[in-house]
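Fit chain to chain and form the complex, with the hints in mind.
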Amino acid sequence: MDELLQEFISETQETLEALAGEVVAWEADPADSDRLDAIFRFFHTVKGSCGFLNLPRFERLSHAAEDVLADIRAGKRKPDPATVSAVLGIMDRIGELAEAVALGAALPSENDDFLIAALTGIEPVAEAEPSAEVESAAVAVSRSAGPQSGPRTIRLPLSLIDQLMNGVSDMVLARNELARKLRERPADPELDTSFDRLSSCVADMRDVISKTRMQRIDRLFAAIPRMVRDLGRDLGKRIDLSLEGGDVEMDREMVEMVVDPLTHIVRNAVDHGIEPPDRRRALGKPEAGRLQLQARQSGNQIVIEISDDGAGIDTARLVEKAIAAGRLTPEAAARLDPQERAELIFLPGLTTAKAVTAVSGRGVGMDVVRANIERIGGLIALDNMPGQGLRITLRVPLTLTIIPGLILRAGGLHFAIPRAAVVEILHDTNDTLHMAEIGGAKIATIRSVRHSMIDLEDVLGIEKSGQSGPRAVMIVRSASGVPFAMGVAAVENHEELVIRPASPLIMATGVYAGMTLPDNGKPMLLLDAAGLANAARLPNIEDHAVAAADGDAETREGLEMVAALRFQALTGERRLLQLSLIERVEDIDARLFGCSGGRSFVRLDGRLVPVVGDPGVQTPDKVAALRLRDGAREACFPVAAVLDIVQMPAVPDMVAMQGLVSGVSVIEGEHLEVINPFALFAALPDEPVAERSRGRCLLADSDDGWTREILAPLLRQAGHDVILGLPADAVDPRDVVLCSAADTAQAAEMFGCRVVQLRASQRPAGPADTSIYRYDQDALMQALSGSRAGRG
Amino acid sequence: MDHLYLLATLAGTSIAIETAEVEAVVKLADISPVPGAAAHVAGLSALRSRVLTIIDAAALIRGIPTATAAPCFAVIAEIAGHSYGVMVDGVSDICRADGGALPLRGQLDPAWAPYARGIVEREGRPYLLVSLAGFIEGPLAQAA
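Going down the list, the protein sequences come from chains A and B.
The opening position of the first sequence corresponds to residue 22 in the working numbering, with each subsequent residue numbered one higher.
The opening position of the second sequence corresponds to residue 1223 in the working numbering, with each subsequent residue numbered one higher.
List time: in silico DSS-like cross-link candidates among lysine-lysine, alpha-carbon distance up to 27 angstroms: (1) A/Lys-543 - A/Lys-485; (2) A/Lys-643 - A/Lys-485; (3) A/Lys-543 - A/Lys-202; (4) A/Lys-202 - B/Lys-1249; (5) A/Lys-99 - A/Lys-68; (6) A/Lys-543 - B/Lys-1249.
Here are the computed distance ranges between Cβ atoms for each label pair: (7) A/Glu-395 - B/Glu-1245: 32 to 38 angstroms; (8) B/Pro-1336 - A/Ser-469: 53 to 59 angstroms; (9) A/Ala-200 - B/Arg-1327: 54 to 60 angstroms; (10) A/Ser-601 - B/Glu-1245: 51 to 57 angstroms; (11) B/Glu-1245 - A/Glu-211: 36 to 42 angstroms.
Sample of chain B residues lacking proximity to chain A, with all beta carbon distances greater than 12 angstroms (derived): (12) Leu-1226; (13) Leu-1229; (14) Thr-1231; (15) Thr-1241; (16) Val-1310; (17) Ala-1319; (18) Gly-1328; (19) Ala-1335; (20) Pro-1336; (21) Gly-1346.
No wet-lab data here; the hints were simulated from the structure.
Please read all numbers here as calculations on a predicted model, not as lab measurements.
Note that the Cβ used here is the ideal one computed from N, Cα and C, for glycine as well.
Here chain B stands alone, though its shape is the one from the complex (with noise of 0.2 angstroms):
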């Protein structure tokens, strides 16, 4: 079976998420830091009567929080009850891969090992498979 994807970019990597996990892709205005959380909680945004927590998914990967100056974009989920927003870089398109995911092949960078889940190709071009839940979840299931 095709599965839809939205392809990002994400810390300067080609991402694909399965876009049954996407409710939205918003440009952020405006987020109120949420002091003393993790790093990569960079915080909260209203997103109409919800609340969102952005998750800065970058300084998950790089371990550097990135600057939230610039309005941003983000991918907009709800996981667990739960909205969040994962921060990406730029959105590039939704698309169809005939394949499916891939097994990932190659050494993968150990940043990027609790996330990516798979390859998606298209156009020759591969993406990286992550899932949202994963950035959220992650971390949470590593200290555990």
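Chain A extracted, bound-state conformation (with noise of 0.2 angstroms):
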């Protein structure tokens, strides 16, 4: 019976949560009458389970509620806004007597009676239905009710998902284990198969395993719309509410932390944002204010989107308050830009509220939903359009569990450090790098930029160790701080890391954000940024370009000026480079570019990233290379050394629009050519650069010599991924066929790919000969190439 009683519960309110955001779209569509089907089954069904598990109160509720729903159902009634919301508050009932029970507490007396007639006392217009025709209708819903669409689910309790994971992370390692092993003895092809089949069988089911933690976002919206519907009503606001992108799946721990920003920011717009229907309508907007919910994955991170067509941040009466708060002084408020205006929405203890209201401006501000997105390493973005609306963009992981890091060296031991934090990596011996010591203070300057320096021996209080080459030095920023320079004896890899908390007592050092246990079987230790900062008591004093900018901007004044860095091309000019587009500048090892259907790339962090610039001048040794991204692309620039950072008027002393170039400015004397960004990008390529992007070529005549000697090594150096003979697998639609016979072309079309045919002979045989000369180089590859574009 308790087992019953459990599940009964735990049905209810899973339902429940599933169930507010119905009702809502139902109250806005009164016809829809699916949703009223669906709400109508709840009832019904917490009605029937309540009887045989003898809970009279959920029966004489659900019965209630139940009785209404019919009358609607028939007609008889209509749903108005005091009926859905009688209808809530009984659900909001079931919800907390769902909860005692599961507690087994004793339920909470109110009375119930009060409700019903909440939900009764409006008097239908018809009498009264005899239960027996409430009963028949029942009847037929739960039979309409039959083919529920949707994935089968079951329900598992979590300690078996985490035990399950444990396992699995065990059999990986007691893998890698074997794997040590096998390669001490000598090579056996036969074992080496078979392990190679366990291998990959472990690394699917690691995947799906970690797929268990997903959790559709859904769950995260599902309590909006009864939300907004709420407070909508409170405030006499008609709010249009529209959700996206439910379907988009993210860490189970990941909801939990967003859904408490999200709940703030929603409240937020309706209250602040969204102006009254009067008032809409003075301003010529549409009386229903539109709030848009949008989620998506972008990489490894999830986006979300608040959007409302209300009357943005007034910026003004923030940088009010800000000045009345001595945040900030009148001087620093007059250089502000729009957007610096409308982020002091995070600081904390202001808001834009005139008044405290039941619903926000009680002193938890925005300054804690930035704190807590950032705390789980993600970004919050404000998008302020007065009077046009506000959009806010969080942008957070995936997971918290799993993050790219750094493994680094120091003292002897490994660390790992979250890549997010690293803005930066040179070597001591750069030349843009400058140490100096004094009094016990290392103060690192790059490119005329100062920053306090540690090295990370000292800070952990560990030794040294003696070493030939040169030290790592890392730019290091945390999520709210000033950046600082790190020493360490080397950066060794980069991984993909499984992050663990750590015990109280390794917590307490506070240099440390968590613990990972790399494939090695080595425990090792993740560094916290913002922690190391405090250990070495590290002064927050920031000499940032914008401190520059202020200088520079007193001197030339009147022009708008953006920061830029200074860099020598590989073809040995001088140029400039906006820096806003440059993620970071890192020494790239010569041997990781290469090049791929007449494309460069360079393997960066496990994946292709496009090269774009000057091509082919390649060093022997240490590329430094800037790394751009435009949003959404990221391309790979190779330099022949960073100079420094100088500020630039934003339009080109002289525009001259020619490749790369888009004009030339004259910095400190010196006439120095800027990239046009726009350029570097519109030449990349569309798709993402990957391995194997194009489809392969099977050569289907794979016994010719000529085919294999010849023809297979052409294509090879082309960058064509070949293969010979044909596969025994399916074949890919991008796949190219290349043949000789005509009648192997004509089975080869039957595998539904592109088929090109070459002939041995010079001429064609004839007008209807499409096939090709099998030297004709060019117009093989244009028929490679052509086949694919042009057919696909």
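Following this line, the structure appears as structure tokens:
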């Protein structure tokens, strides 16, 4: 019986959660009988189960609601807002009761009569129906409810899933150990094959298991419609809510972390953003305000956008308040651009609410929202259009537990650091880096920006081990704080790290954020950038380009200036590139550069990134490279040397669009070419470079010597993926089959992929002959690319 | 009611630990140090896919960290959601003590005072009853 009760409670709670949105949608469109049916079905199920489980209060409540809904279904009553509220009230009470039962507490003793009276008190148009008729209607519903769509699911305790995940991790470690042992023995191909199969099974399994942690964002959205409706009613506003992307999945823990910030933002939008209907009418906007929530996945981030068409942030008042609160001097306020003004909303204790309402403006403000989002490694961005609305974008990592990290070595030990915290990595032999020591304090100057410098070994109190090569200096920035330079023995690797919480004894040190167990089975600690800065008691002084901008702005008044990076191109010229485009500067091993299909790329972090800029010139060892990003796409721009950061006019002094260059600017008496970022990104291939982006070349006549010895190497050199013979498994529609015999061509066409037929003679056999002379390289290459583009 | 006790040696003293607290006893092969942590945190060690925080309990008692060169025994316990291993010199037996825990008699070394809970007697020999949680929470509680 207990088990049945447990099942009933959790099922009821889950359905309630999902149903809250349905009720609101139904109120908006009373003609929607599907939704009415769903709600009716819920009450009917509850009523049926509690009769069986002997829960009389549930039964009475659900019975009353069912009666009213049956009337509405029969057209005897209209679903006015009062009725909907009463139904929602009953649903809430059922939820409370369910919770009380689940906790084994005494049932709350409020009088249910009040709720039921609220429901039935609004007298129906017709007389109350005899219950027999209601029963028959109910039966009809439950029959029609038969084929419920959606995947079949079962309920599992979380601990079981965790156990499963641990089991799989153990398996991976055992496999790694086995792999190590196998490497020590003489090679045995047969054993290796079975081991490879085992490896891929284990890897697949790990992927699948990690998916069990994922949850649809629907769950995050479930409570929103109800909240918006209730708020809208309280405030007398009409809101048209749309939710998109509920099927995006994110880590279960992450969903929990985002609930509060999201709720707060939505409340703000309804309370402060969207104006009352009469005011909206006066402004010429539709009476109903639009509130849109959109979720989508972008790389390893989830992007949640909350946009409304309300008043936006009143930046003038925000500035006023900030000045009044002593947060800002009037002079500083005058220098802020509109974006910076809007971002004042993140200052603690500031709100634009004129009065504290029941809904928001109670001091828990956007500062807390931002802190919460940043704590989980996310970002929050504002797009304020005064009078037109506000769009808030939340970017949060897909999962809390797996992050990209850099592995570094210091004092003979290995540590990990989140890659997001690292801005730049240099060797201490780099010319752009200048290190000085005064009174024990270390200062690193990189391209005339000064950073406090620490050595990781000193902060952690470990011995520096002697080393032959140069040390690495990384510029580290925590989510909130000033970047600083950190010296380590070496940066060794980057890896996707599974982060686990460390025990309190370890967290007490303040410099670690967690721990991880890499494949070698030796535990490793994850460094906390902010904690390190604290532990080293670094002063919070920012020697930033912004500070430099102040000085420069005065000398060249009237001109809009932007920060730019001065560098020496591989071809020797000194050039400028807008700084905001550069994600970071990195020394990249020259061996990682390559060329495929006529395009240059570089292998970074396990994927291929296109290379832009001056091609060809390769240096033997390390290449300094700018990592660029235009928001969605990224590119790598190798340069000879990075010089410094300067202020350049937003429009070049002399505009001369040519190739990658957009013009020439004079900086400190030197003529410098300005790189046109538009041309840089326009030159990128449309699709991301992938190692198998363009299908394979299948050579049908694999026995033929010419095909094997001449054709195959030619295609391989041109960057194609070549397979000898027709594969036994399915042929990809992007594949191209090359053959010489006409009947093979016909047979190959049956595969559904494109065929290029080659002939040995120089002249075509007839006008209908579409084959290509086999030594006509241009035609052949054109056919390969053309057949892909043309018939694709 | 009879209790089962794990009998071990720690910092040269015979101790008893309630088996309900103990998950396993393992021989640690490899400990990665945690620079910056308190002296009694010997480091981290992996037990299959779990990461254990290894506590050098002898360092708490004697005030001198134990040299962790040789493979050593650790008593594994899960405390407040984290896995710990408490290093001991050796483990001798698991036994039932008829009388259960007896009150402490005599003057206890102040170093042991925060951790000793009582005495367990077996075959006429006394064992100091300690709680593993005491080694992990004890220093924290004292600091607070």
